[in-house]
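2 protein chains.
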Amino acid sequence: MSTQFHPPLRTLMGPGPSDVSPRVLQALARPCIGHLDPQFIALMDDIKALLQYAFQTKNALTLPISAPGSAGMEACFVNLLEAGDKAIVCQNGVFGARMKENVERCGATAVMVEDRWGEAVDPQKLEDALKQHQDAKLVAFVHAETSTGAQSDAKTLCALATKHGCLSIVDTVTSLGGTEVAVDDWGADAVYAGTQKCLSCVPGISPVTFSERAVAAIKARSTKVQSWFLDMELVMGYWGGASKRAYHHTAPVNALYALHESLLILKEEGLENAWQRHQQNHLALAAGLECLGISFVVPEKSRLPQLNNVTIPAGIDDALVRKTLLERYSLEIGAGLGDLAGKVWRIGLMGFASKQENVLLCLNALDNVLIELGANHQPGEAAATAARAYLVPNQKLEVFEN
Amino acid sequence: MSTQFHPPLRTLMGPGPSDVSPRVLQALARPCIGHLDPQFIALMDDIKALLQYAFQTKNALTLPISAPGSAGMEACFVNLLEAGDKAIVCQNGVFGARMKENVERCGATAVMVEDRWGEAVDPQKLEDALKQHQDAKLVAFVHAETSTGAQSDAKTLCALATKHGCLSIVDTVTSLGGTEVAVDDWGADAVYAGTQKCLSCVPGISPVTFSERAVAAIKARSTKVQSWFLDMELVMGYWGGASKRAYHHTAPVNALYALHESLLILKEEGLENAWQRHQQNHLALAAGLECLGISFVVPEKSRLPQLNNVTIPAGIDDALVRKTLLERYSLEIGAGLGDLAGKVWRIGLMGFASKQENVLLCLNALDNVLIELGANHQPGEAAATAARAYLVPNQKLEVFEN
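Quick mapping for you: the protein sequence lines, in order, are chains A and B. If you use the numbering used here, the first sequence corresponds to residues -12 to 389, in order. If you use the numbering used here, the second sequence corresponds to residues -12 to 389, in order.
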């Protein structure tokens, strides 16, 4: 084609990217300045402070990695592990398997603690593994499994790691900004996230934070970090608090404008309010889905409000439903991933996209498509009515000022 | 501060990021869509085709890495090298040293071929090293050294590598779009670039291209690539030509809108015209700088037109000049890097910023500041006059259509 690309206006209710706030898009398009410009350095300091707020941490080493969440994950593993180390990886979905890959590519050994996909990580199994592998250096797990929609008890898991002398690596890609992430309270050592989920920012950047214990472990390494790009000691030279910032790589300037704006929006709303909004809209969606005869994969107590994994009704063509929603309503919902491919849909209510209009749009659009495809369920009126009971009359809206 | 960030409007004439085209900023801010959306998949195909044009290659494995140029460099090294391999690295500036770091972090050995900073790589020295190290697997060099402003003869160096049975890795971060990059004609095997230089795009993405020989070498590896994020076999699963795109990581959707637009602009202008424009504006700047008594670091035949490295006149305070240019004229020029820190300025005329207005702005602003600081040179009128002889009356301007 080679003509200008004008994307359709979608409603993004998949596992991410989620809808980007117009404020963030506007920030993204501001004029580029140099990555060593004094005004940019000041912005970096502000981004660090806002990330500390979002992560609820005082960690000095808190910054955005200049690449997507997968690189944030890799940054944690390659900095904390050396060849010959042992790591315990809790797996209850796709991203635990990716952690295993990371461990092994560091030349380390992964001890796997497995739970059923859709369940939270079982602390007892982790403790058993910690007792059995006293030479383990760290424990890694996913707080909010994007592939299944299950949330694990990060505080308990981190405490177990610490008790047994291990560092912890926690994936909060899907949780940050949507459900509570409390890095200092958890005692977590290395935590990474993504921008394209509950932060309502564009994809491509990965916020990370490292505890003092983690920094000490990095400084105590006997070998160099295998990735030059992700070597935190080098990255710190640019992002650190020193008055002179050393060039490491060219920061993605405009993407950081966007991240800054998204963090500002989060702070304006307040963390607790954001979590509450995600929860409320989830309850509304869940009530409506139930009326459509659609059930959740994850037990109620572990459900992520921002990512609703539901079983595809019997006899329904997965791909056709998603295609029809996209083409007719410009609505994107997510397919299943890994073992759950073809079996589930992943309906996101993340960040800016977690709003009442989207709950109603999704319920009504899905209702229409399912009826057309011959699904046997109660009429959609009931779904909308069921959802209405949970909709908040005065839900706080993001203020858009130009 | 934690208030909205509104960057100043700069003129970016450093080593990058360079001024971003308003068309690119506009593309960047278009609504985000899913990274598996059919329309996004179509855009990816178009980006690949446009990158093939920019790189002048038919290589199927041509795509943008979702991270800055340093990650593009790392992608080339970690995919082509395994522990125990030997690589010959030609160094004539900062980025050759970074290549050495990459080689060593792969567990491989780097044989260094060194040239004076500011000179092109000497093919004879490379050939001597190739004869001496017949077990070398690859040769790596920087086509356009961003730290010195020198361009090397990529075709000759790649041919030497091939003749001696080696693969070649070529850094074209600063050259792509500014001077000729001809991947197939060179016979180069792995080439990486950046978006924030002569492509007039925002920083954060690294276009790469791999030859069939390079792909065969990747497929013949006996060990996994040490980086999961940069493993080209996995990245290919998403970017490859297959009808079904496998999820690897979430693509930086909006940054790819921007890259697409910047490549479209390059194609509209035409590669040869873009090179000619860079050369013409360089000649104008060089004539003017000469009048200001400022001399070039690089011999004329190896000078990069897009990055003018000049010696700071004796007795002039480097930092004060740059600070004054920034504060008074909102003009950024670059400091020296590595061994050249404090000794040179790097004046970029890259992509959208390579235009006649900028030549005149830079000459006049520098003239004013230097006179104020007591430099002894001919009056600025002469510089502008000297430059004028090279300014083209009808230089083609980028067309901005909304």
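Be aware that a few hints might be false.
[As the list claims (entries may be wrong)] Ranges of calculated distance between the beta carbons of each label pair, as one might list FRET restraints:
1. 40(B) / 302(A): 33 to 39 angstroms
2. 26(A) / 209(B): 28 to 34 angstroms
3. 150(A) / -7(B): 44 to 50 angstroms
[What the hints assert, rightly or not] In silico BS3-like links for lysine-lysine, alpha-carbon gap of 30 angstroms or less:
4. 211(A) / 73(A)
5. 73(A) / 206(B)
6. 206(A) / 206(B)
7. 211(A) / 142(B)
[Stated by the list, open to error] Some residues of chain A that are not near chain B, with every Cβ distance over 10 angstroms (derived):
8. 88
9. 103
10. 106
11. 114
12. 118
13. 213
14. 214
15. 235
16. 236
17. 238
18. 266
19. 304
20. 342
21. 357
These are calculated hints, taken from the structure and not from any lab test. Built from N, CA and C at the ideal position, the CB exists for glycine as well.
Going down the list of hints, with the structure as the test:
Between residue 40(B) and residue 302(A) the beta carbons are some 48 angstroms apart, a value that contradicts the proposed interval 33 to 39 angstroms. At roughly 49 angstroms, the beta-carbon separation of residue 26(A) and residue 209(B) lies outside the given 28 to 34 angstroms, and the hint is violated. Between residue 150(A) and residue -7(B) the CB atoms are about 48 angstroms apart, so this pair conforms to the stated range of 44 to 50 angstroms. Restraint check for residue 211(A) and residue 73(A): the C-alpha separation of about 18 angstroms stays at or below 30 angstroms, so the hint holds.
A hinted pair counts as satisfied when its Cα atoms are at most 30 angstroms apart, and residue 73(A) with residue 206(B) qualifies at roughly 28 angstroms. Between residue 206(A) and residue 206(B) the CA atoms are separated by roughly 35 angstroms; this puts the pair beyond 30 angstroms, and the hint is violated. For the hint pairing residue 211(A) with residue 142(B), the CA-to-CA distance comes to about 34 angstroms; that exceeds 30 angstroms, so the pair is violated. With a cut of 10 angstroms on Cβ distances, residue 88(A) falls inside the contact zone with chain B, its closest approach being about 5 angstroms.
No beta-carbon of chain B is positioned within 10 angstroms of the beta-carbon of residue 103(A); the least distance is around 22 angstroms. For residue 106(A), the requirement that its beta carbon stay farther than 10 angstroms from each beta carbon of chain B is met, with the minimum near 22 angstroms. For residue 114(A), the non-interface assignment is confirmed: its Cβ lies about 28 angstroms from the closest Cβ of chain B, beyond the 10 angstroms cut-off. Every CB of chain B lies more than 10 angstroms from the CB of residue 118(A), the least distance being 29 angstroms, so the non-interface label holds.
With 10 angstroms as the threshold on Cβ separation, the claim that residue 213(A) sits away from chain B is violated: the shortest Cβ distance comes to roughly 5 angstroms. Distance check for residue 214(A) against chain B: the nearest CB is about 6 angstroms away, which does not clear 10 angstroms, and the non-interface claim fails. Its beta-carbon lying about 8 angstroms from the closest one in chain B, residue 235(A) breaks the requirement of being farther than 10 angstroms from that chain. Non-interface status of residue 236(A) relative to chain B is broken: a Cβ of that chain comes within 10 angstroms, the nearest being about 4 angstroms off.
The non-interface label for residue 238(A) is inconsistent with chain B: the shortest C-beta to C-beta separation is roughly 7 angstroms, within 10 angstroms. The claim that residue 266(A) lies off the interface holds: its Cβ sits roughly 24 angstroms from the closest Cβ of chain B, which is beyond the 10 angstroms cut-off. For residue 304(A), the requirement that its beta carbon stay farther than 10 angstroms from each beta carbon of chain B is met, with the minimum near 16 angstroms. Here residue 342(A) stays apart from chain B, with its beta-carbon at least about 16 angstroms from theirs, past the 10 angstroms limit.
Even its closest Cβ contact with chain B, about 21 angstroms, leaves residue 357(A) beyond 10 angstroms, as expected for a residue assigned away from the interface.
In summary, the numbered hints that this structure violates are 1, 2, 6, 7, 8, 13, 14, 15, 16, 17.
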